[in-house]
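Throw the hints in and build the complete structure from the sequences for me.
Protein chains: 2
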Amino acid sequence: MPVTTSRREQILTEAARLFARHGFHGVSIDGIGAAVGVSGPALYRHFPSKEGLLAEMLVGISEHLLAGGQELAAEHADPVALLDALVAFHTDFALRQPELITVQDRDLANLPDPSRRRVRGLQRAYVEIWVDALRRADLAAGEEAARVAAHGAFGLMNSTPRSAGHTRGDVAAPVLVAMTRAALRASPV
Amino acid sequence: MPVTTSRREQILTEAARLFARHGFHGVSIDGIGAAVGVSGPALYRHFPSKEGLLAEMLVGISEHLLAGGQELAAEHADPVALLDALVAFHTDFALRQPELITVQDRDLANLPDPSRRRVRGLQRAYVEIWVDALRRADLAAGEEAARVAAHGAFGLMNSTPRSAGHTRGDVAAPVLVAMTRAALRASPV
DNA sequence: CGCTAACGTGAACGCTCACTAACACCACCC
DNA sequence: GGGTGGTGTTAGTGAGCGTTCACGTTAGCG
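The listed protein sequences correspond, in order, to chains S and R. full-length UniProt numbering puts the first residue of the first sequence at 1, with every later residue one more than the last. full-length UniProt numbering puts the first residue of the second sequence at 1, with every later residue one more than the last.
Treat the hints as calculated values from the structure; they're not laboratory data. Even glycine gets a Cβ: it sits at the ideal position worked out from N, Cα and C. Among these hints, one or two may not hold up.
Claimed, not checked - Which residues of chain S face chain R? A partial, calculated answer using Cβ under 8 Å:
no.	residue
1	G26
2	A42
3	F154
Stated by the list, open to error - According to the in silico footprint, chain R covers these stretches of chain S (three or more CB under 8 Å from chain R):
no.	region
4	10 to 19
5	105 to 114
6	156 to 162
7	170 to 183
To be verified - Chain S residues, not near chain R, derived (Cβ > 10 Å throughout):
no.	residue
8	P79
9	R117
10	R135
11	A186
Structure, rendered in structure tokens:
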């Protein structure tokens with residue numbers, strides 16, 4: 001890993017910004033090129049296609065989340081403590097990388113089939129960590145309810161990137177963490 | 001208003017389904033036409049443009065939510081009771097019209113400028129009802145925190161349409177309602 | 001020094017797509 | 001029965017865009 005951001009990473013960063021703002025189909029190859037200071041087809045020296053670029057982005061996010069989740073799961077035996085750690089971890093990521101979060105759950109449909117399956121698999125494994133913790137902590141009335149609760153928590157923690165976005169992280173973070181923890185504890189009605 | 005769904009409404013319904021699945025730019029005029037049994041440019045007999053169709057859809061949603069919110073606000077003097085009613089109302093809408101919810105917060109960016117401003121204004125007014133109730137109920141540590149909490153609640157309630165989607169509503173609804181209420185009560189840390 | 005590989009450019013191609021134009025059908029009504 | 005407005009169709013047009021191609025430049029290296 002180079003100390004100076006490589007052109008590849010530069011492209012990924014700017015593309016994420018643009019995709020988050022205008023959507024995958026709302027951004028042109030020329031537009032991405034212009035954002036990094038080169039023009040148009042130069043991207044094909046670094047990525048096989050526009051879809052390939054998106055694929056690398058989304059796979060990267062999913063892998064990062066799953067890796068973090070697995071690490072926390074290994075550290076915490078107590079499911080309630082694990083959930084608290086997961087909430088902190090996910091909230092931190094969502095507030096630090098708002099563009100990635102936005103792109104991830106808006107443009108998944110634009111992935112070519114094999115990559116989409118890959119991302120879906122990674123996401124499913126990540127969700128499974130949450131579902132498992134919820135069930136072990138007796139915080140869900142069943143498999144399906146646990147899944148609803150996990151997705152609900154994601155929606156809550158991912159909400160700030162999607163909406164205004166320019167809320168300062170140090171204001172939003174404690175609110176979101178407190179809300180999510182309370183929401184999870186309340187799920188079994 | 002005809003008892004049989006007019007062609008206009010038919011188009012709006014099918015377009016919502018398609019937009020939700022593939023995104024605004026991922027759906028063609030011909031595709032929408034095919035979905036309602038006519039082909040292609042026939043849509044221009046009912047809508048001025050593809051963007052106009054989207055505009056009518058999103059304005060309709062925003063107006064519906066705002067109207068519902070205002071009605072509830074008029075009925076409930078107690079802010080906590082109002083919040084409970086808002087949660088029930090919004091959750092019901094989100095689970096009954098998952099496609100509309102999906103399109104609303106994914107494709108707002110694809111609206112032409114005047115309509116986008118219109119929708120943003122309606123949304124802001126709707127959020128204001130929530131923010132106001134939260135503050136009057138002493139459930140937020142400040143203006144900005146209240147806004148974060150409101151958007152968080154939306155993210156939670158809107159989560160099921162976005163994710164799996166094929167979860168049965170009568171399973172998801174009570175879980176989401178309980179989670180959202182708990183989350184809102186927890187927001188002041 | 002020449003060879004090579006990495007990186008960039010502008011021009012061209014081919015396709016999709018929103019939108020328009022010209023025409024047809026049909027219900028309705030005076 | 002003829003005019004009229006609503007609703008459809010097919011063919012065409014022009015623009016945008018992803019991708020490829022042929023070519024230029026530069027850096028490293030035997």
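We went through each hint and held it up to the structure:
1. G26: holds (6 Å)
2. A42: violated (24 Å)
3. F154: This interface hint holds because 6 Å falls under the 8 Å limit.
4. 10 to 19: Since three or more residues must qualify, the claim that chain R covers the region 10 to 19 of chain S is violated, with 0 doing so at under 8 Å.
5. 105 to 114: holds (count 5)
6. 156 to 162: Three-residue rule met by the region 156 to 162 of chain S, so holds; n is 6.
7. 170 to 183: holds (count 11)
8. P79: holds (17 Å)
9. R117: Given that every Cβ of chain R is farther than 10 Å from that of R117/S, nearest at about 16 Å, it holds.
10. R135: holds (14 Å)
11. A186: violated (3 Å)
In the structure shown, a violation is registered for the earlier hints numbered 2, 4, 11, in ascending order.
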